[in-house]
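Peer 1: Sequence:
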Amino acid sequence: RGLINIELLKEGEGTTGEGKIVVPTALAGLNEFEIAIGSGSGEWHAYIDNLSFNWQSDGGDTIIEKTPEEKKVILTAELEKWIAGIVDAGSGSIMMWDVISEPLDDTNDANTFKWAEYLGDKDYARTAVKIARES
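For the sequence shown, the residue numbers in our numbering are 1008 to 1142.
Rather than coming from a laboratory, the hints here were simulated on the basis of the structure.
Accuracy of the hints is not assured; some may be wrong.
[To be verified] When the alpha-carbon atoms are kept at most 16 Å apart in a straight line, the in silico EDC-like pairs for lysine to aspartate or glutamate are as follows: (1) K1078 x E1124; (2) K1079 x E1014; (3) K1137 x E1085; (4) K1079 x D1095; (5) K1137 x E1087.
[Unchecked claim] Distance ranges between label pairs, derived from CB positions: (6) E1141 x D1068: 17 to 25 Å; (7) V1106 x T1069: 45 to 53 Å; (8) G1099 x T1022: 50 to 58 Å; (9) A1084 x E1018: 17 to 25 Å; (10) G1019 x K1121: 41 to 49 Å; (11) R1133 x A1033: 46 to 54 Å; (12) V1080 x A1132: 17 to 25 Å; (13) E1141 x E1076: 45 to 53 Å; (14) L1015 x D1068: 46 to 54 Å; (15) D1105 x E1085: 14 to 22 Å; (16) G1021 x M1103: 51 to 59 Å; (17) E1072 x T1022: 34 to 42 Å.
Glycine included, C-beta positions come from ideal geometry on N, C-alpha and C.
Model the full assembly from the supplied sequences, consistent with the hints where possible.
Peer 2: Now the structure itself:
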């Protein structure tokens, strides 16, 4: 498989050339980036992996802290999307599903998200099962 490396440069920094796109400073405040790949016939397919996006800001990071209640609302909505997506993707072929796997696992690494810390120990399990039944 071939690789394509595209480097995004801040306006006025670095040297332009093949595989480099200059991003105007006026666009620095945008928070979406879209990659459109394909052909007019619709028959072309691409495998994209190992993406890395970084934007250096001179003003430092802006962190908008949410209250526990706001976090619960936001994460419950994300849990609903996640479970509905899994149920939809497996419908017709998956007959049983372990909705909550190892809820008391004490793994503490960057790849483990502890839903119960944000949704509550009991509420997390009840909410997840309810969403799965309704999906």
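Peer 1: Hints first: check each against the structure and report whether it holds.
Peer 2: Evaluated hints:
The straight-line distance between the Cα atoms of K1078 and E1124 is roughly 10 Å, inside the 16 Å bound, and the hint therefore holds. Using a Cα cut-off of 16 Å, the hinted pair K1079 and E1014 is violated, with the two alpha carbons roughly 38 Å apart. The suggested pairing of K1137 with E1085 holds, with an alpha-carbon distance near 14 Å, which does not exceed 16 Å. At most 16 Å may separate the alpha-carbon atoms for a hinted pair to count; K1079 and D1095 exceed this at roughly 24 Å.
A threshold of 16 Å between alpha carbons decides the hint, and for K1137 with E1087 the separation of about 10 Å falls inside it, so the pair holds. For the hinted restraint 17 to 25 Å between E1141 and D1068, the CB-CB distance of approximately 37 Å leaves it violated. Judged by the Cβ atoms, the range 45 to 53 Å given for V1106 and T1069 is violated: they are separated by roughly 36 Å. For the pair G1099 and T1022, the supplied restraint of 50 to 58 Å holds, since their beta-carbon distance comes to about 53 Å.
The hinted window of 17 to 25 Å between A1084 and E1018 is violated, with their beta carbons roughly 37 Å apart. A C-beta distance of roughly 43 Å is found between G1019 and K1121, which places it inside the suggested range of 41 to 49 Å. For the pair R1133 and A1033, the supplied restraint of 46 to 54 Å holds, since their beta-carbon distance comes to about 48 Å. Separation of V1080 from A1132 is about 18 Å and conforms to the stated range, judged on CB atoms against 17 to 25 Å.
Separated by about 23 Å at the C-beta atoms, E1141 and E1076 break the suggested range of 45 to 53 Å. Checked against the hint of 46 to 54 Å, the pair L1015 and D1068 fails, with Cβ atoms roughly 19 Å apart. At about 19 Å, the CB distance of D1105 to E1085 agrees with the hint of 14 to 22 Å. For the pair G1021 and M1103, the beta carbons lie near 54 Å from each other, so the given range of 51 to 59 Å is met.
With their beta carbons about 40 Å apart, E1072 and T1022 fall inside the hinted range of 34 to 42 Å.
Figure legend: structure checked against the earlier numbered hints; hints not met, in rising order: 2, 4, 6, 7, 9, 13, 14.
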